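J.: Take a look at the letters that make up each chain.
There are 4 protein chains.
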Amino acid sequence: MHNDLAAPTRDVRRPTRQHTGRRRNAAARDAILQAVFELLRNGGGSGLTIDAIAGAAGVGRQTIYRWWPSKGAVMAEAMVRGAGAIVPVRDSGSFKDDLAQFLIDIFAVLEDQGIRRALRQLVAAAQYDGHAAGALAEFTAQRRATLRSLLERGIASGDLSADANLGLLIDVAYGVLWYRLLVGHAPLDAGAARDLGTHLVAVARRAGE
Amino acid sequence: MHNDLAAPTRDVRRPTRQHTGRRRNAAARDAILQAVFELLRNGGGSGLTIDAIAGAAGVGRQTIYRWWPSKGAVMAEAMVRGAGAIVPVRDSGSFKDDLAQFLIDIFAVLEDQGIRRALRQLVAAAQYDGHAAGALAEFTAQRRATLRSLLERGIASGDLSADANLGLLIDVAYGVLWYRLLVGHAPLDAGAARDLGTHLVAVARRAGE
Amino acid sequence: MHNDLAAPTRDVRRPTRQHTGRRRNAAARDAILQAVFELLRNGGGSGLTIDAIAGAAGVGRQTIYRWWPSKGAVMAEAMVRGAGAIVPVRDSGSFKDDLAQFLIDIFAVLEDQGIRRALRQLVAAAQYDGHAAGALAEFTAQRRATLRSLLERGIASGDLSADANLGLLIDVAYGVLWYRLLVGHAPLDAGAARDLGTHLVAVARRAGE
Amino acid sequence: MHNDLAAPTRDVRRPTRQHTGRRRNAAARDAILQAVFELLRNGGGSGLTIDAIAGAAGVGRQTIYRWWPSKGAVMAEAMVRGAGAIVPVRDSGSFKDDLAQFLIDIFAVLEDQGIRRALRQLVAAAQYDGHAAGALAEFTAQRRATLRSLLERGIASGDLSADANLGLLIDVAYGVLWYRLLVGHAPLDAGAARDLGTHLVAVARRAGE
DNA sequence: AGTTAATCGAGACGGTACGTCAGGTCTTGGC
DNA sequence: GCCAAGACCTGACGTACCGTCTCGATTAACT
Chain A
0 MHNDLAAPTR DVRRPTRQHT GRRRNAAARD AILQAVFELL RNGGGSGLTI DAIAGAAGVG
60 RQTIYRWWPS KGAVMAEAMV RGAGAIVPVR DSGSFKDDLA QFLIDIFAVL EDQGIRRALR
120 QLVAAAQYDG HAAGALAEFT AQRRATLRSL LERGIASGDL SADANLGLLI DVAYGVLWYR
180 LLVGHAPLDA GAARDLGTHL VAVARRAGE
Chain B
0 MHNDLAAPTR DVRRPTRQHT GRRRNAAARD AILQAVFELL RNGGGSGLTI DAIAGAAGVG
60 RQTIYRWWPS KGAVMAEAMV RGAGAIVPVR DSGSFKDDLA QFLIDIFAVL EDQGIRRALR
120 QLVAAAQYDG HAAGALAEFT AQRRATLRSL LERGIASGDL SADANLGLLI DVAYGVLWYR
180 LLVGHAPLDA GAARDLGTHL VAVARRAGE
Chain C
0 MHNDLAAPTR DVRRPTRQHT GRRRNAAARD AILQAVFELL RNGGGSGLTI DAIAGAAGVG
60 RQTIYRWWPS KGAVMAEAMV RGAGAIVPVR DSGSFKDDLA QFLIDIFAVL EDQGIRRALR
120 QLVAAAQYDG HAAGALAEFT AQRRATLRSL LERGIASGDL SADANLGLLI DVAYGVLWYR
180 LLVGHAPLDA GAARDLGTHL VAVARRAGE
Chain D
0 MHNDLAAPTR DVRRPTRQHT GRRRNAAARD AILQAVFELL RNGGGSGLTI DAIAGAAGVG
60 RQTIYRWWPS KGAVMAEAMV RGAGAIVPVR DSGSFKDDLA QFLIDIFAVL EDQGIRRALR
120 QLVAAAQYDG HAAGALAEFT AQRRATLRSL LERGIASGDL SADANLGLLI DVAYGVLWYR
180 LLVGHAPLDA GAARDLGTHL VAVARRAGE
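Chains as they are written, first to last, in numbering that gives the first Met the number 0: chain A, 0 to 208; chain B, 0 to 208; chain C, 0 to 208; chain D, 0 to 208.
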């Protein structure tokens with residue numbers, strides 16, 4: 000059925016056909032993710048229906064189910080891709096400045112109401128949809144790794160003690176962020192970012208003394 | 000809902016009659032809250048329907064809507080009532096011990112998978128239901144107040160500096176708690192409670208130095 | 000609905016409740032049947048969807064499924080009710096005239112393209128839907144009974160022989176009708192009705208000689 | 000699909016290349032018709048899908064659409080080919096015997112439940128599919144022609160009067176057959192065939208007297 | 001004691017969204 | 001260029017819930 004001469008050694012291992020038929024269209028996949036993210040940002044996140052997604056993406060409903068197992072899964076992936084606007088770690092030479100700037104940058108992204116709504120939806124979906132939970136776990140792990148590399152630079156520079164509990168520090172930073180985001184009792188602005196940065200540096204230095 | 004003053008002639012004819020008819024049955028209300036909490040703890044939170052609540056409580060659906068404006072509202076109230084098992088603040092004389100014990104007690108309550116699921120559901124519901132959001136805000140405000148009173152005792156005793164940023168400290172404590180609860184990347188056990196307690200005391204003491 | 004005078008001993012005999020809840024709304028049922036018949040007559044019978052029925056009747060989709068088990072069933076009942084416009088048997092004193100007039104009247108009803116389409120749809124649905132098949136059987140049995148009573152008058156008057164095979168005569172009459180209706184190779188007009196009437200009388204008279 | 004003879008000049012410019020590409024595979028066509036007929040006879044006619052046909056025939060879906068314009072068309076052709084098992088007209092010298100035998104032979108074929116189901120499906124499909132309607136018309140026209148030739152022999156032999164209404168007689172015969180087949184209120188067995196034969200001869204003889 | 005009216009459990013109502021299934025078209029790599 | 005496979009868009013299906021409305025029964029204050 001295929002050309003034996005082209006891959007003589009492969010035939011032995013894969014005697015049967017691997018695939019036939021039309022290939023999946025990655026453009027459709029992208030259009031769906033794009034549409035989901037836009038709808039989450041602009042429309043009311045609650046009323047996000049599969050039909051609306053399909054309509055906005057110019058795609059059939061079945062195609063969505065072909066790529067993702069549930070609505071939560073596609074929502075999660077869309078938000079990881081869209082909301083994961085990379086907040087870069089700067090390197091100014093001063094660890095304290097870099098940390099403060101990192102937090103300020105993150106909080107600045109969260110000024111956007113659409114991003115806020117999208118992230119809240121992601122957490123909500125993760126509570127009852129296993130796929131969304133997986134996506135959220137992956138998303139947050141990535142974010143924690145970024146912050147960890149920054150904190151490790153602080154250890155190297157001596158701003159943080161060598162035995163600082165980095166895992167806890169990271170959870171403190173993102174914990175405050177998510178807690179305020181989800182409950183909404185306190186602002187997420189530049190002042191909050193500065194306070195949080197001060198807190199992290201203070202405790203980390205103290206930890207080694 | 001309408002104003003009787005707009006119909007003065009009726010007041011003349013029925014000046015005294017305040018109310019007639021059967022009174023609401025508080026037992027039904029309790030049965031509903033009880034049923035919701037049980038379903039949240041045991042069943043899969045996703046499939047929590049009004050029908051299921053009514054069935055479990057032995058109640059008609061309309062009765063639920065008579066007492067609460069939305070599913071999120073009744074869920075929220077049930078969880079505030081059920082999950083709000085009071086974790087008392089102890090007074091052993093040592094602020095540090097009391098703080099550590101407070102966190103350990105809270106984390107012990109969270110060992111229960113049902114409580115965990117219920118709290119996660121509450122946060123999820125709050126993201127798309129205004130009533131649930133209100134209930135969550137009230138719930139968390141109450142919890143923050145409790146912790147704040149404990150921390151103020153720490154200031155009084157001199158364990159914390161007088162100008163410590165209590166609001167931030169509280170958000171750090173609950174932020175770590177909720178973040179780990181919602182994302183699930185790290186355990187919520189006695190060790191975590193101790194680490195968190197140490198962190199809070201260390202930073203707060205440092206802050207005033 | 001029940002007799003309260005039976006009162007004190009009631010609990011013993013009927014310990015359980017007979018019925019609670021809102022009663023079914025016969026008006027909705029009628030609206031559905033009406034809408035189905037109109038859609039079958041006017042619209043293209045092929046594209047008759049449950050949604051279209053529900054929309055035309057101003058009814059929810061579930062209500063249709065509450066009353067009938069399948070689309071074929073509701074189609075069948077609608078057509079039995081709508082297309083079963085009673086063609087009365089006349090009694091002019093002359094059996095032959097009455098038979099001829101009966102056939103002419105039936106064929107006249109079939110001049111209406113909508114009725115034609117509806118009847119064809121009924122037969123089509125009956126081929127793959129058991130409920131529709133039942134409705135068709137009932138419908139045709141009723142029609143055969145009507146014709147049989149007319150033919151029996153013919154026997155009484157001596158126009159038909161006493162041992163005429165009435166079952167076959169009836170099937171001949173309706174067989175020709177349905178065959179032409181379904182295949183469409185020959186017209187169903189007054190001339191056809193007269194020919195068919197002549198045929199029936201001729202063969203039935205002969206049969207006894 | 001186009002006629003090469005219509006473009007003689009093309010042959011001059013490309014004298015050698017008569018045709019490129021794989022030729023249509025008539026075997027695939029046969030396999031499809033065979034598969035459709037088998038599925039109609041054995042499986043439930045209702046759930047006959049294009050996918051099922053393609054699968055049973057070992058054929059791609061597109062191949063079916065290359066040969067027929069719609070599902071009704073392929074169903075109709077399959078049934079005309081499969082169910083059109085030729086019932087030959089015999090010539091024993093006796094018209095009455097030949098007619099009776101013809102009807103008995105036809106009814107014998109209809110003993111097969113699969114044939115019955117297939118024919119009912121054909122009629123059902125013809126009610127909403129123009130292609131199937133065409134196929135049914137062609138099929139029935141062919142059957143009527145066969146019976147007509149037999150009846151004309153009856154006129155030649157003097158068993159039928161010269162001015163008998165052959166069109167009506169044919170419709171009576173097939174009408175009774177289809178009516179009983181579609182409604183199912185009476186059997187289609189040898190006894191029924193004999194009754195029908197007697198009826199036809201009786202009326203036809205009488206008609207000329 | 002009788003009247004009046006709001007509540008109760010139950011369940012039908014008009015809707016909206018779901019996830020699946022089928023139809024007919026388009027695309028891919030192989031022949 | 002035909003073929004099998006299968007992804008694509010479309011649209012109907014039957015189900016699950018939603019929040020409201022209606023039913024007979026119950027219950028409690030006011031007459």
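Don't read these hints as lab results, they were simulated from the structure.
Predicted, not measured: the structure shown is a model, and the values here were computed from it.
There could be a bad hint or two in this list.
When chains are identical, the list treats them as one kind, so a pair holds in a single copy or across two.
Below 25 Å or equal to it, Euclidean Cα-Cα: the simulated DMTMM-like pairs (lysine to aspartate or glutamate) are [what the hints assert, rightly or not]:
| hint | residue 1 | residue 2 |
| --- | --- | --- |
| 1 | K70 | D194 |
| 2 | K95 | D50 |
| 3 | K70 | D50 |
| 4 | K95 | D29 |
| 5 | K95 | D188 |
J.: All hints are to be evaluated individually against the structure, with a verdict given for each.
T.: Checked hints:
{"no.": "1", "hint": "K70 / D194", "in the structure": "neither (38 Å within a copy, 37 Å between copies)"}
{"no.": "2", "hint": "K95 / D50", "in the structure": "neither (48 Å within a copy, 55 Å between copies)"}
{"no.": "3", "hint": "K70 / D50", "in the structure": "both (11 Å within a copy, 23 Å between copies)"}
{"no.": "4", "hint": "K95 / D29", "in the structure": "neither (39 Å within a copy, 53 Å between copies)"}
{"no.": "5", "hint": "K95 / D188", "in the structure": "within (18 Å within a copy, 31 Å between copies)"}
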